[in-house]
Amino acid sequence: MTQAEIKLCSLLLQEHFGEIVEKIGVHLIRTGSQPLRVIAHDTGTSLDQVKKALCVLIQHNLVIYQVHKRGVVEYEAQCSRVLRMLRYPRYIYTAKTLYSDTGELIVEELLLNGKMAMSAVVKKVADRLTETMEDGKTMDYAEVSNTFVRLADTHFVQRCPLVPATENSDPGPPPPAPTLVINEKDMYLVPKLSLIGKGKRRRSSDEDATGEPKAKRPKHTTDNKEPIPDDGIYWQANLDRFHQHFRDQGIVSAVANRMDQTSSEIVRTMLRMSEITTSSSAPFTQPLSSNEIFRSLPVGYNISKQVLDQYLTLLADDPLEFVGKSGDSGGGMYVINLHKALGSLATATLESVVQERFGSRCARIFRLVLQKKHLEQKQVEDFAMIPAKEAKDMLYKMLSENFISLQEIPKTPDHAPSRTFYLYTVNILSAARMLLHRCYKSVANLIERRQFETKENKRLLEKSQRVEAIIASMQATGAEEAQLQEIEEMITAPERQQLETLKRNVNKLDACEIQVDETIFLLESYIESTVKRQ
Amino acid sequence: MAGNKGRGRAAYTFNIEAVGFSRGEKLPDVVLKPPPLFPDTDYKPVPLKTGEGEDYVLALKQELRETVKRMPYFVETHEEKQDIERYSKRYMKVYKEEWIPDWRRLPRELMPRKKCKKGPKSEKAKDTGKGTSLTNTADVLKKIEELEKRGDGEKSDEENEEKEGSKEKSKEGDDDEDDNAAEQEEYDEEEQEEENDYINSYFEDGDDFGADSDDNMDEATY
Numbered sequence: 001m002t003q004a005e006i007k008l009c010s011l012l013l014q015e016h017f018g019e020i021v022e023k024i025g026v027h028l029i030r031t032g033s034q035p036l037r038v039i040a041h042d043t044g045t046s047l048d049q050v051k052k053a054l055c056v057l058i059q060h061n062l063v064i065y066q067v068h069k070r071g072v073v074e075y076e077a078q079c080s081r082v083l084r085m086l087r088y089p090r091y092i093y094t095a096k097t098l099y100s101d102t103g104e105l106i107v108e109e110l111l112l113n114g115k116m117a118m119s120a121v122v123k124k125v126a127d128r129l130t131e132t133m134e135d136g137k138t139m140d141y142a143e144v145s146n147t148f149v150r151l152a153d154t155h156f157v158q159r160c161p162l163v164p165a166t167e168n169s170d171p172g173p174p175p176p177a178p179t180l181v182i183n184e185k186d187m188y189l190v191p192k193l194s195l196i197g198k199g200k201r202r203r204s205s206d207e208d209a210t211g212e213p214k215a216k217r218p219k220h221t222t223d224n225k226e227p228i229p230d231d232g233i234y235w236q237a238n239l240d241r242f243h244q245h246f247r248d249q250g251i252v253s254a255v256a257n258r259m260d261q262t263s264s265e266i267v268r269t270m271l272r273m274s275e276i277t278t279s280s281s282a283p284f285t286q287p288l289s290s291n292e293i294f295r296s297l298p299v300g301y302n303i304s305k306q307v308l309d310q311y312l313t314l315l316a317d318d319p320l321e322f323v324g325k326s327g328d329s330g331g332g333m334y335v336i337n338l339h340k341a342l343g344s345l346a347t348a349t350l351e352s353v354v355q356e357r358f359g360s361r362c363a364r365i366f367r368l369v370l371q372k373k374h375l376e377q378k379q380v381e382d383f384a385m386i387p388a389k390e391a392k393d394m395l396y397k398m399l400s401e402n403f404i405s406l407q408e409i410p411k412t413p414d415h416a417p418s419r420t421f422y423l424y425t426v427n428i429l430s431a432a433r434m435l436l437h438r439c440y441k442s443v444a445n446l447i448e449r450r451q452f453e454t455k456e457n458k459r460l461l462e463k464s465q466r467v468e469a470i471i472a473s474m475q476a477t478g479a480e481e482a483q484l485q486e487i488e489e490m491i492t493a494p495e496r497q498q499l500e501t502l503k504r505n506v507n508k509l510d511a512c513e514i515q516v517d518e519t520i521f522l523l524e525s526y527i528e529s530t531v532k533r534q
Numbered sequence: 001m002a003g004n005k006g007r008g009r010a011a012y013t014f015n016i017e018a019v020g021f022s023r024g025e026k027l028p029d030v031v032l033k034p035p036p037l038f039p040d041t042d043y044k045p046v047p048l049k050t051g052e053g054e055d056y057v058l059a060l061k062q063e064l065r066e067t068v069k070r071m072p073y074f075v076e077t078h079e080e081k082q083d084i085e086r087y088s089k090r091y092m093k094v095y096k097e098e099w100i101p102d103w104r105r106l107p108r109e110l111m112p113r114k115k116c117k118k119g120p121k122s123e124k125a126k127d128t129g130k131g132t133s134l135t136n137t138a139d140v141l142k143k144i145e146e147l148e149k150r151g152d153g154e155k156s157d158e159e160n161e162e163k164e165g166s167k168e169k170s171k172e173g174d175d176d177e178d179d180n181a182a183e184q185e186e187y188d189e190e191e192q193e194e195e196n197d198y199i200n201s202y203f204e205d206g207d208d209f210g211a212d213s214d215d216n217m218d219e220a221t222y
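So the sequence lines, in the order shown, correspond to chains S and Z.
Using the working numbering, count along the first sequence one by one with no gaps and you end on 534.
Using the working numbering, count along the second sequence one by one with no gaps and you end on 222.
Please keep in mind that the hints were generated in silico from the structure rather than gathered at the bench.
Don't take each hint at face value.
Taking lysine-lysine pairs in the DSS-like style, the calculated list, with each CA pair at most 30 Å apart, reads [to be verified]:
| id | chain 1 | residue 1 | chain 2 | residue 2 |
| --- | --- | --- | --- | --- |
| 1 | S | 389 | Z | 61 |
| 2 | S | 96 | S | 115 |
| 3 | S | 124 | Z | 44 |
| 4 | S | 392 | Z | 33 |
| 5 | S | 340 | S | 389 |
| 6 | S | 7 | Z | 44 |
| 7 | S | 458 | S | 503 |
| 8 | S | 455 | Z | 96 |
Predicted, not measured: the structure shown is a model, and the values here were computed from it.
Just need the whole structure built from these sequences, with the hints factored in.
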């Protein structure tokens with residue numbers, strides 16, 4: 001793992017789980033697979049804390065364990081999975097757009113807890129939804145269950161590998177760690193539970209409107225001692241399916257930008273039809289006939305068959321090659337070239353970065369070299385119609401930042417520089433990797449800056465929180481306007497200004513992180529898809 | 001073969017025209033240090049995307065950041081004692097739900113091992129006086145012997161070495177040598193015990209029990 005990735009993982013782990021878990025996690029990412037004692041020894045943390053940290057990390061699918069010979073269990077961190085933590089808000093928002101609030105909360109609970117049993121999820125989500133509803137209304141478990149089943153049917157949530165049922169005839173000591181297995185067919189199988197009940201609202205005497213916890217709250221004992229019906233069956237969010245959805249979204253919006261709304265709807269329909277039949281890593285979808293597409297178009301779209309055919313032909317002839325024609329039966333068989341589409345998206349990202357960083361003339365040269373594959377210095381100047389000096393300057397700038405690379409073609413076997421062609425070329429895969437690395441660095445910088453800003457103003461933030469708490473409690477007990485005014489004035493005007501600035505900055509930095517993550521997703525998908533095909 | 005044609009004169013080994021410099025032209029300066037840490041950018045970045053969706057995701061992100069701090073998975077680091085005890089700190093402590101992992105899914109070595117089988121009440125009583133501790137230690141000694149006998153049957157290689165190591169080690173109330181083959185208590189008890197000041201591995205195998213394992217008040221009066 002590169003330094004930038006490790007730094008980003010460290011920041012994410014620290015924000016989500018605290019410093020102890022971060023220390024253990026980063027150590028595992030750096031050094032690979034290690035047993036428990038070595039981790040404790042190398043990091044200098046107590047065994048208890050290492051155990052706790054590992055439990056947390058395994059629960060969240062960030063660390064896996066393997067039993068080696070002689071009963072030694074080794075733990076390995078999944079760096080790429082740690083980086084996914086940046087994308088959690090996007091997953092939750094996607095669930096909201098597809099399955100509304102219920103789906104949103106289900107996915108949120110699953111992401112926050114790593115893995116959960118279905119009954120636990122349903123209960124918690126019902127409780128949460130009930131609290132947001134008006135007084136007197138409650139959320140039924142059945143409704144939440146239905147949404148859960150729908151999420152499982154569309155593969156957005158999946159079962160975790162199970163502990164195999166051991167027979168007691170097994171002699172000898174039990175293994176040091178269970179080997180978890182999962183059957184492909186069972187991964188989305190929802191157990192038959194009859195979850196009957198309604199969400200519970202927290203009683204108002206317990207509830208704190210201000211969020212101030214009472215000093216001596218009794219400790220929570222587990223509420224239900226009855227065994228839950230689906231014991232041992234845990235569910236987790238299926239991130240690959242979400243990625244597939246993001247990829248489809250990216251392709252559809254690209255088509256919409258390039259052509260028009262109708263063609264993007266056609267592409268969306270084609271992608272929807274291939275969701276189940278095509279695996280997420282396939283280079284292109286299964287062929288779909290034009291008749292099928294016509295039948296599956298959304299109800300609102302009443303375009304005639306001929307118009308559909310025209311659109312399909314237009315899409316297939318487009319130089320970007322998002323859609324390809326693979327045959328003539330059934331009115332024309334069409335496929336979506338997923339790999340090519342991802343390549344186009346990654347290339348567009350690279351072009352955009354060059355344009356914003358170096359200017360539009362550099363972008364022209366970049367697009368030229370992309371199109372012509374290999375060009376000499378002189379040819380670049382001629383084709384781009386840019387004076388030699390400037391062209392040379394721009395090429396070297398891009399070369400130094402590794403967007404463009406040099407390809408040597410020797411004329412003689414001794415590779416003498418005076419008798420060698422030097423051609424400029426763009427290697428998309430390596431440029432994408434370089435850009436991805438920069439993105440990781442950017443996000444790490446953004447997080448660090450945000451933490452710095454928050455720390456700088458910590459005193460002010462705490463003060464404002466306390467004042468808000470006081471105001472809220474006074475409002476609850478009924479206070480006069482004048483008193484509230486007095487309390488509010490505890491924060492002076494310049495302090496208010498400072499708080500405003502802080503809030504604006506933090507929002508901006510957060511928004512930046514989210515958008516850089518979108519680029520990260522694109523580049524990662526492209527790199528993954530290319531590497532798989534090699 | 002490389003040719004001494006230059007005979008000490010500066011000459012390029014390749015055609016300088018090929019890289020775009022004409023002969024005799026002043027070459028750009030050699031860069032002798034790494035690029036600046038915060039370089040100036042010629043072009044300002046493009047403004048961020050705005051919209052309902054983006055705002056919602058932003059709000060989600062900020063909420064998530066606050067929520068994860070309150071989850072039981074967020075392992076707090078033990079803060080050093082502050083010089084002044086703030087009254088408000090008592091009222092601002094966040095009470096977290098306990099989380100008990102499903103031990104069937106995890107390697108056995110991750111389960112915390114209990115050294116002493118005392119409940120939290122008897123541990124609290126220990127603080128009030130050494131007298132009570134003396135009566136309890138006798139019980140604990142017996143218990144530990146029992147456990148040792150039972151534990152001998154199940155040991156693996158690692159744990160054997162571990163036990164020997166712990167016997168030699170002087171008692172320091174160290175958490176490291178937790179791994180005796182003690183019976184595995186319920187995790188609940190461990191969680192509850194952590195709330196107080198007592199270190200879990202208070203009693204070590206083969207160490208001296210008695211007054212001097214308790215508070216060190218006696219040792220001071222020489």
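Status of the hints after comparison with the structure:
1. S:389 <-> Z:61: This hinted pair is violated, its Cα atoms lying about 48 Å apart.
2. S:96 <-> S:115: holds (20 Å)
3. S:124 <-> Z:44: violated (46 Å)
4. S:392 <-> Z:33: holds (23 Å)
5. S:340 <-> S:389: violated (36 Å)
6. S:7 <-> Z:44: holds (26 Å)
7. S:458 <-> S:503: holds (12 Å)
8. S:455 <-> Z:96: The hint holds at about 24 Å.
When the structure is compared with the earlier hints, violations turn up for hints 1, 3, 5 and for no others.
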